[in-house]
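Chains as they are written, first to last, in the numbering used here: chain A, 1 to 292; chain B, 1 to 292; chain C, 1 to 292; chain D, 1 to 292.
Straight-line distance between alpha carbons at most 27 Å, and here's what the computed DSSO-like set of lysine-lysine pairs gives: (1) A/Lys152 x A/Lys203; (2) B/Lys152 x B/Lys203; (3) C/Lys4 x A/Lys4; (4) D/Lys4 x B/Lys4.
Residues on chain C that point at chain A, a partial pick, calculated with CB under 10 Å: (5) Leu107; (6) Asp109; (7) Gly113.
Think of the hints as simulated: they come from the structure by calculation, not from any bench.
No residue lacks a Cβ here, since even glycine has one placed at the ideal position from N, Cα and C.
4 protein chains.
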Amino acid sequence: MTKKSAEELVAASGAWWDTSIIDIHPGEIAIRGYPIEQLIGRFRFPEMIWLMLRGELPARAQADLLEAALVAGVDHGPHAPSIAIARMAVTCGLPVNGAMASAINVLDDVHGGAGQQCMQLYREIDAEAGPGGDLVRAAQTVLARRREGGEKMVPGFGHRFHPVDPRTAPLFELVAKAVAAGAVTGRYAGIGHAVEQALGTAKKRHIPMNIDGITAVIFSELGFEPELGRGLFVLSRAVGILSHAWEQKQRGGRIMGPMPREIPYRYSGAARRNVPPPGVEPDVPSPARSER
Amino acid sequence: MTKKSAEELVAASGAWWDTSIIDIHPGEIAIRGYPIEQLIGRFRFPEMIWLMLRGELPARAQADLLEAALVAGVDHGPHAPSIAIARMAVTCGLPVNGAMASAINVLDDVHGGAGQQCMQLYREIDAEAGPGGDLVRAAQTVLARRREGGEKMVPGFGHRFHPVDPRTAPLFELVAKAVAAGAVTGRYAGIGHAVEQALGTAKKRHIPMNIDGITAVIFSELGFEPELGRGLFVLSRAVGILSHAWEQKQRGGRIMGPMPREIPYRYSGAARRNVPPPGVEPDVPSPARSER
Amino acid sequence: MTKKSAEELVAASGAWWDTSIIDIHPGEIAIRGYPIEQLIGRFRFPEMIWLMLRGELPARAQADLLEAALVAGVDHGPHAPSIAIARMAVTCGLPVNGAMASAINVLDDVHGGAGQQCMQLYREIDAEAGPGGDLVRAAQTVLARRREGGEKMVPGFGHRFHPVDPRTAPLFELVAKAVAAGAVTGRYAGIGHAVEQALGTAKKRHIPMNIDGITAVIFSELGFEPELGRGLFVLSRAVGILSHAWEQKQRGGRIMGPMPREIPYRYSGAARRNVPPPGVEPDVPSPARSER
Amino acid sequence: MTKKSAEELVAASGAWWDTSIIDIHPGEIAIRGYPIEQLIGRFRFPEMIWLMLRGELPARAQADLLEAALVAGVDHGPHAPSIAIARMAVTCGLPVNGAMASAINVLDDVHGGAGQQCMQLYREIDAEAGPGGDLVRAAQTVLARRREGGEKMVPGFGHRFHPVDPRTAPLFELVAKAVAAGAVTGRYAGIGHAVEQALGTAKKRHIPMNIDGITAVIFSELGFEPELGRGLFVLSRAVGILSHAWEQKQRGGRIMGPMPREIPYRYSGAARRNVPPPGVEPDVPSPARSER
Chain A
1 MTKKSAEELV AASGAWWDTS IIDIHPGEIA IRGYPIEQLI GRFRFPEMIW LMLRGELPAR
61 AQADLLEAAL VAGVDHGPHA PSIAIARMAV TCGLPVNGAM ASAINVLDDV HGGAGQQCMQ
121 LYREIDAEAG PGGDLVRAAQ TVLARRREGG EKMVPGFGHR FHPVDPRTAP LFELVAKAVA
181 AGAVTGRYAG IGHAVEQALG TAKKRHIPMN IDGITAVIFS ELGFEPELGR GLFVLSRAVG
241 ILSHAWEQKQ RGGRIMGPMP REIPYRYSGA ARRNVPPPGV EPDVPSPARS ER
Chain B
1 MTKKSAEELV AASGAWWDTS IIDIHPGEIA IRGYPIEQLI GRFRFPEMIW LMLRGELPAR
61 AQADLLEAAL VAGVDHGPHA PSIAIARMAV TCGLPVNGAM ASAINVLDDV HGGAGQQCMQ
121 LYREIDAEAG PGGDLVRAAQ TVLARRREGG EKMVPGFGHR FHPVDPRTAP LFELVAKAVA
181 AGAVTGRYAG IGHAVEQALG TAKKRHIPMN IDGITAVIFS ELGFEPELGR GLFVLSRAVG
241 ILSHAWEQKQ RGGRIMGPMP REIPYRYSGA ARRNVPPPGV EPDVPSPARS ER
Chain C
1 MTKKSAEELV AASGAWWDTS IIDIHPGEIA IRGYPIEQLI GRFRFPEMIW LMLRGELPAR
61 AQADLLEAAL VAGVDHGPHA PSIAIARMAV TCGLPVNGAM ASAINVLDDV HGGAGQQCMQ
121 LYREIDAEAG PGGDLVRAAQ TVLARRREGG EKMVPGFGHR FHPVDPRTAP LFELVAKAVA
181 AGAVTGRYAG IGHAVEQALG TAKKRHIPMN IDGITAVIFS ELGFEPELGR GLFVLSRAVG
241 ILSHAWEQKQ RGGRIMGPMP REIPYRYSGA ARRNVPPPGV EPDVPSPARS ER
Chain D
1 MTKKSAEELV AASGAWWDTS IIDIHPGEIA IRGYPIEQLI GRFRFPEMIW LMLRGELPAR
61 AQADLLEAAL VAGVDHGPHA PSIAIARMAV TCGLPVNGAM ASAINVLDDV HGGAGQQCMQ
121 LYREIDAEAG PGGDLVRAAQ TVLARRREGG EKMVPGFGHR FHPVDPRTAP LFELVAKAVA
181 AGAVTGRYAG IGHAVEQALG TAKKRHIPMN IDGITAVIFS ELGFEPELGR GLFVLSRAVG
241 ILSHAWEQKQ RGGRIMGPMP REIPYRYSGA ARRNVPPPGV EPDVPSPARS ER
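Isolated chain A, as found in the complex (with noise of 0.2 Å):
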């Protein structure tokens, strides 16, 4: 590596914290370039929320549709472990944040990915179908695909609780409004309704669309990368995860467990035992037996 000079190291110390999204000098501060006093008072959260994350501003019409994806999925009970969590938390000592960021990170692949993997069989069916193809042929094309791949679960789709979902008619509804309204396509609502006739062909019953294939529904629609569609899942969520710790802070609770400590939990391993005498080694599987 070549030496550079003191004047290009600071120019590559700034360089490496290059972004493209907000513009700081004393005094001053422009969000993609446009000043945060003339955002303030006239754009709603959700209209900052996508210019922050795609750079440009939405039309109302789009931001109405991403506004109720977002009160859509703000909460779902105690029983979401994000939820017990963020509970848990307050009660170990942690301020709100702490207790978000606990929280937060665990929706993850499993928790807070069914959104995003959704996203993306939308796309691989979108791309299967190609423009005029039939949807639901190619949705049974990913579809099958896929199982045989050896993945069980659609994401999106079912739900181990829920019969029917009660978020998923209103938010479809709201969809429709933005296609006839010109805002949206209708290509992903399309895409959608595909797999949900796809999956009641195969499985010969009906698999209703969850919370997870609407919302993936509306955010292809608007345009977001699959990635996105979790984060914007983690920001709804993250209301309901402060509305749970914040409750569970006013109650109070000191170390609160996953279950009162009247109720034992199984402990299912080695019997009691002693551990060799003094001097005496563990009696150790040898290696050539393979541990593995």
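Use these hints to put chains B, C and D onto chain A, whose structure you have.
Positioned in the frame of chain A, the structure of chains B, C and D alone reads:
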């Protein structure tokens, strides 16, 4: 502890996770008593945030004020540790939820607690003044008391970067409008101004209210508890954290540290030395001399 | 601020990340001045922990005592929130590092801070007694003062689960041995016993020292600062957190909440209600009536 | 779902948190069947780590090897994102547990997963060679297959900083000793060497094994699963993370970003612009043109 019956234990388990926020049954979700399908598409995201945190829906003008504060605080650029951490985190392999967790976690007392502390300051002045008391005098009394108590900083006032925070004036205007419309009383706006005046007199120069000070005014006017001031800030800043994590993710980078490797960090520790020869114990201060 | 030259800025960047812990150059790593290759294979993990935290190598007997404390605190089972969180986290898709992060985070003031608080208590008694003062009397004075100050719990003493903590006696024996060998002074062992005696007199029953109380004795005898008491506990408990995360990972499970879904949580909120009709604002308390 | 009785629900609750690691009763703690009081003072911290993770106590020579690997990986200085994050975190107000959480979280696939990935590589070569097969040829086959599959990096080999990693040779010597003593078979040491040889031939230059490569050898020799390779690395690096958090805490600093504020970050976004006039919608790409 008396032995409980199985029925009592099951009830205790349910009570362990008692909440007044959300009621869920198969096919049914109600937030604070409202069926979710009545909320979706009708209410805005800030209204949902309010409902979740407070238990009731806000007036439109209250939601507007809350929304403006949420819009104002989304980002403060890569010099903010939370933003830098989010960007570094994705280069270590974390998905956006994980990057957000590591970043939101550091919005603690110092980085994210100024708004909360400022709300506590306002409350103290509110109590000091009592109904009808002079706010500037109360502010002076409280600030003097705190200075005597060793506090050097007044949360919510002054900024190490912005001579004047460009977000303060537009937010103050919105508070004034809300006061005029009868949506809030203006009590905390008055207290905020009183602090500014008291500080100017004490320090012989203008120490302007910053973003924490004005959002503390807004959250206090809206009746939020101080800890929720921090929580609302986290919801707002989560947007910037996600946006920077996403921008960095698109750009790539692997294991990005705080500066280019070409810039060496300074080592100020012990000079190079050898461990003691085998069998020789390191030279350890005798315990009689305190190691504290 | 005067403008710095590029050279000064590069130096400032390096100084920003100044450390006395580790010096790294291509092909060379030195910890506290010692070449890493001299440490590997020669020194034990607790000795390395000590060197990293304290800057010097410990005597063998000191390392032994530290090691025993690290061994004693690794786990407290699934009723501990940190352990439960680790297990839930992996069922949400997190790898072990992420599960450990969410779990370690909650080892905060209440769940993980008792040892640290107990070390501070011991120091206060140490200062109160002064050299040659009566420790039991000093303990009584300090405890009385704290009770008057509103503190209800004595950190490190009593246990809501164990009548006698099985870890205390063997650790105390090791302290006694170390005192006999001249490795530590025994000052804090004496203070710990004094607290036990003072508590017994005050409460008219034996309130035994728990794991936090005895590890606080050990860490204090070894000259660690109170906050490191918490840090060392985190290093120890990290082992249990990892072990439970790993056990859960092997068993599978998806989005595991705190209890089986068949056990409903209790809802104690507003009764089912309808949102106000379109165009009608929700009924909001007038701002004149404080919402606090 | 058939309704369960209260007794069945309580049992299901206990089973939900089933573990084979720890059994706790009032006054009694057993780890993997061993009473905790028999473990304290008798067994070393690495032996406890092994017992917790594996279910059985290791042979002394196995524990020695594990210990050397734990010692070797504690720190890589402030250029490592995990270390930088820990230091920044404490200046935001976090206690050490919180700083450790934010930092450990980023030991993810890229920053902390190389050892795990290297263990998987070794296993693939082990399977490819089969009993008695030529290891170098197997390594060549596997590496070629991975290159064809698009993988550009070989986890555990090469270092962007160290021409030769000073930790590799002393650790390799300890493996050799353990092989000589019959504590491990040497299979994975052989595989590690084979990879080095295969890489040297393919790349026409020596690409040395780094710390991830040699610890992967050790953990594999000791029979750990790949994901535990990552977990053990986290336990080791946690020491450096704590040490840097603590050093920074003692030095103070408030809201420390990645570089001094005097060095501006580079802004590369939209030029300064005005929001559209009131009542005018932003210019949004029509949905017909994909926004993807």
